[in-house]
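Novice: Per full-length UniProt numbering, the very first residue in the sequence shown carries number 1; after that it's consecutive.
It is worth saying that the hints were derived from the structure and are not from the lab.
Note that the coordinates shown come from a computational prediction; the quantities given were computed from them, not determined experimentally.
Note that CB positions come from ideal geometry on N, CA and C, so glycine has one too.
Don't take each hint at face value.
What the hints assert, rightly or not - EDC-like cross-link-like pairs, simulated, lysine to aspartate or glutamate; straight-line CA separation at most 20 Å:
1) 231 with 76
2) 84 with 175
3) 108 with 12
4) 27 with 92
5) 85 with 12
6) 27 with 62
7) 231 with 12
8) 84 with 12
9) 27 with 142
10) 84 with 69
11) 43 with 142
12) 27 with 147
Claimed, not checked - FRET-style restraints, in silico, Cβ to Cβ:
13) 156 with 119: 17 to 27 Å
14) 227 with 101: 41 to 51 Å
15) 2 with 110: 44 to 54 Å
16) 215 with 159: 17 to 27 Å
17) 139 with 3: 50 to 60 Å
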Amino acid sequence: MTLSQHEQRFLDGVDRAARALYLDAVKIHSLDMPFQGVEIREKADGTGGTRLLFTGYASVTERAYQMQDWLGPFQEVVRAGAFKKTLSESPDVAFLLNHGGPTMARTKPGTLRLSEDDTGLHTEAALDPARPDVQIVRSGIEGGELDEMSFAFWVTRQQWSPDYEQRDILEVAIDHGDVSIVNYGANPYTGGTVDLRARQAANLARSDLPALAMERARQLRADGISPEVAKTLAQVLQLVSAADGAVDVAQPLLAEVLGVPNPDEVLDAAGETLEAAEQEQESSADAELYEFRRRFLAL
């Protein structure tokens, strides 16, 4: 099997290459930003009626977005020209509230227009002022409760810095994605909900991280593991423990190499309760693993 650049670097000891491998497995991404150039106003529709015209930027290019994952903070930058190809292909994109609910405007019938300029992805949506959801959006914008925009997309070309502290998004696809008004930005790679943990586990199962972590653990068993490497493998172990049986085989080996209990065995013996898991881990010499497990299991 031919390894990708990020896979080889992870096996060579570059812990943060795991970040790239994980994000490569994420199917759809979203980025949120405070309102930029947003305006909402009534405009004649040419038939004697009026439309509510929303304008603003769903994404600003050449500006760093602050992101966070289990390895810590990093930056993402959408580079100028990232939307050129996808916009040339007449993508079908919806205008939504918080990435859900009924479609308020859409590129297919022409009520949503998207273009890329020197600032970023410009959005112009012609909304029906009689619709209750549109009234909610208008009230929220005017009252300040809704003050950010977001867009859902697929990454088709990217480049990582050598230290994996910055990802440059060079090209995206937005067909069957959306641009949304959101009440507050949410980093899609962090959080504490059951649904988010399930998505993280699914992304992990699609990635090569469990198998690579096992291979790296095998390589390191004879020579011992540094604290830095142990921390990274422990974090991968916790993600593995949330995934389904397809990656359960990685858990016993990683636990053995780290000298800590297998998370499944700990939870089974403790009745799968957070309190029992905490009691078990309070006696563990690996404080970092315990703290990560406590945060990871918290609802």
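Novice: Now tell me if each hint is right for this structure.
Specialist: For each hint, the structure was consulted:
Between residue 231 and residue 76 the CA atoms are separated by roughly 24 Å; this puts the pair beyond 20 Å, and the hint is violated. Using a Cα cut-off of 20 Å, the hinted pair residue 84 and residue 175 holds, with the two alpha carbons roughly 13 Å apart. The straight-line distance between the Cα atoms of residue 108 and residue 12 is roughly 47 Å, outside the 20 Å bound, and the hint therefore fails. In summary, the hint linking residue 27 to residue 92 is supported, as the alpha carbons are separated by about 18 Å, within the 20 Å threshold.
A distance of roughly 35 Å separates the Cα atoms of residue 85 and residue 12; the hinted pair therefore is violated under the 20 Å criterion. For the suggested pair residue 27 and residue 62, the alpha carbons sit about 23 Å apart, so the restraint of at most 20 Å is broken. A distance of roughly 16 Å separates the Cα atoms of residue 231 and residue 12; the hinted pair therefore holds under the 20 Å criterion. Distance hint between residue 84 and residue 12 is unfulfilled; the C-alpha atoms sit about 36 Å from each other, more than 20 Å.
A hinted pair counts as satisfied when its Cα atoms are at most 20 Å apart, and residue 27 with residue 142 does not qualify at roughly 34 Å. Distance hint between residue 84 and residue 69 is unfulfilled; the C-alpha atoms sit about 29 Å from each other, more than 20 Å. Taken as a hint, the residue 43 and residue 142 pair is honoured in the structure, with Cα atoms around 17 Å apart against an allowance of 20 Å. Straight-line distance between C-alpha atoms of residue 27 and residue 147 comes to about 26 Å, which puts the hinted pair past the 20 Å bound.
Hint check: residue 156 to residue 119, Cβ distance near 22 Å, so the stated range 17 to 27 Å holds. Range check, residue 227 to residue 101: Cβ separation about 47 Å, and the 41 to 51 Å hint holds. A beta carbon spacing of about 46 Å between residue 2 and residue 110 agrees with the range 44 to 54 Å that was offered as a hint. Take residue 215 and residue 159: their Cβ atoms lie about 26 Å apart, and the range 17 to 27 Å holds.
Range check, residue 139 to residue 3: about 53 Å between beta-carbon atoms, so the 50 to 60 Å window is met.
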